[in-house]
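Given chain G's structure and the hints, the job is docking chain V onto it.
Sequence order for the protein chains is G and V.
Per the numbering used here, the first sequence runs over residues 113 to 190.
Per the numbering used here, the second sequence runs over residues -6 to 582.
If you are wondering where the hints come from, they were derived from the structure by calculation, not from laboratory data.
Only true hints are included.
Short, incomplete list of chain V residues facing chain G, as computed with Cβ under 7 angstroms:
id, residue
1, 248
2, 251
3, 373
4, 451
5, 458
6, 485
Just a sample of chain V residues kept apart from chain G, beta carbon distances all over 10 angstroms, derived:
id, residue
7, -1
8, 42
9, 47
10, 55
11, 117
12, 152
13, 162
14, 178
15, 503
16, 510
17, 511
18, 574
All C-beta atoms in this analysis are idealised placements derived from N, C-alpha and C, irrespective of residue type, glycine included.
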Amino acid sequence: MKRICLMVSLIVFIIFVLLDLFSGIGTGHVVFPWSHIAGFFALFGFIGCLIIIIGSKFIGHYWLQRKEDYYDRNDNDE
Amino acid sequence: MITMNNIPLAIIFVVGAVLLAILPHRVRPVAYLAIPALAFYFLLHLEPGVSLNFHFLNYELVPYRVDRLSLVFGYVFVIMGFVGGVYSFHVKDKLQQVSSLLYVGSSLGVVFAGDLFTLLVFWEIMAVSSVCLIWARRRPKSNRAGFRYLLVHIFGGSMLMAGIILHYNQTGSMLFNHFEGGIASYLILFSFALNAAVPPLHAWLTDAYPEGTVTGSVFLSAFTTKVAIYALARGFAGLEVLIWAGIIMAIYGVVFAVLENDIRRLLAYHIISQVGYMVFAIGLGTEMAINGATAHAFSHIMYKSLLFMGVGTVIYATGESKLTRLGGLARAMPLALGLYMVGAFSISGFPLFSGFVSKSMVIHGAEIEHMAAAALLLSLASVGTFLHTGLKLPYFTWFGNSRLLKPLKPRPVPRCMYIGMALTAGICITIGVQPALLYNLLPFTVHYQPYTASHVMQTMQLLIFTGLGFWLLIGKLGGEAKITLDTDWFYRRPSRLAYTVFSVSICRFFGVVEKLSLSLVRFITKLSANPPGYLVELVMTAKYAFLRTEKPAPEPATFNPDRYRIPLGVMVLVVLLGLIILLAWDIFI
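So that you can see chain G by itself, here it is in the shape it has in the complex (with noise of 0.2 angstroms):
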């Protein structure tokens, strides 16, 4: 199932670097250094999902989270 997925959107990358290379990208009137990669905010959304992934996990797991009763010793006491 894992392989077809990826061959699948494989596949599916080649078209959009295809569509990107025939479609006269990078001559709008708002030219910036990615806008003449083919296929850039394919790979830009892929690795920007791992990076959001992997990053807030890391953020949540030595830092930020905690048990669900964490304030409920603060909340409860009168």
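Here is chain V on its own, set in the frame of chain G:
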């Protein structure tokens, strides 16, 4: 001077809320819907430029001022009031119905306020009516969350009042227009930023919105932050610090949403993320950017309430709101899933949905200012938004396996909730397919075409490959039964300490002072009642303490003729000595 044309919409809602409180419960939902419908009728006849002037005490007030910016917000708030009313048609709780109507009305009051005094009044009414929607859930956790919400908002309201008073002192005018710098504007900016949930002032939103009622949170998600966006757009457009604040907000919301287990808290963090786009655009201040912020606010109200409605049906049906306890609902609640996904596609910016035509306007505004990093970071936030709202939340709520021991048995959901969702979904799709409908309402003329081939392709690339990333890491994305610390840690963690220092210690201090003053009074009374007797007693006590003579007899309760008293001659001697001193004083000085 109040004619048909310039009756403030807020008044319609306030009067309606009062009426609603006295109507019988069978009629209330219908009356509830009639009020936004009536307001919409008035809106259609409203022209920019209408205003209502007013002299109050010494101030020149403009409680009602209509222009294109406030008109578009007015439209979306009234529409939201209506669909919210449809969604909550089944609610019989008078508190919720009256306070949500009052909430909508006060939001309209702020948006159409031309002067700061009216703004402040309606701002505070908003805070109070929204907290009732949280308290309406009537369970201890929600009560506490509501109190924290109220404390934060009252603090913000005080800052606002301080800023307004200072502003009036400095400029002599109460009118609500663009603010120049100065300490008064910073105070007002602080208050607006607090309501817009700019970190670090955002914790109230993620703390309180998940604790509201199912229908109440739908209203909550739509109004307070967007009213603050309107206020920022009116008063602080072009302020550079908002650019940075917006970008940080957009990423902040997404990062924290990854860690969230409660589905409504996850959506609340995404509110912060999306409002970040609007704040960023307001900071840019160009016509395209303000248009983008307004358009995004319009779409956001619609799709965010749709998302809250969707998860609201899940919570209503199952009573569960945590991803770790939900799962496998697709067969039982397919309609909720489908309508939820309309909202999810909208927030992610899929073509043909409302987010595509509004979010991209903001990013385009960044692009034409050549802000490369900002455009990239905002796109990154889009990736995260689709990941959580469009993929993770629906997957783990409707698909996947519930980790509970017993399978979830959802109870039937009132049809009105689905009708409300369908209406909202229809609006999201309509705006997406025909953006001109929205663009015509925007404050400035729109020179933007969202449906270009390159833009559509860019978006599809971004979203499809985010989906791939999700699919590959799906094992790591399930909820964890934990909470994430946020900036509310700073006032929640020390809450016991603060209670001890500010309440208990102060009470004890007052107790000690009271005791001391009472004993001082007792001393003076005893001394003045019988000074020589008291002095004798004092001497005898001192003799006992230092020289170990016999213990002095305690003060008798009744008259004792045999008690020791100073000879009368001693007092005569004292008086004589006093008179001699006076005489000597007179003669020699």
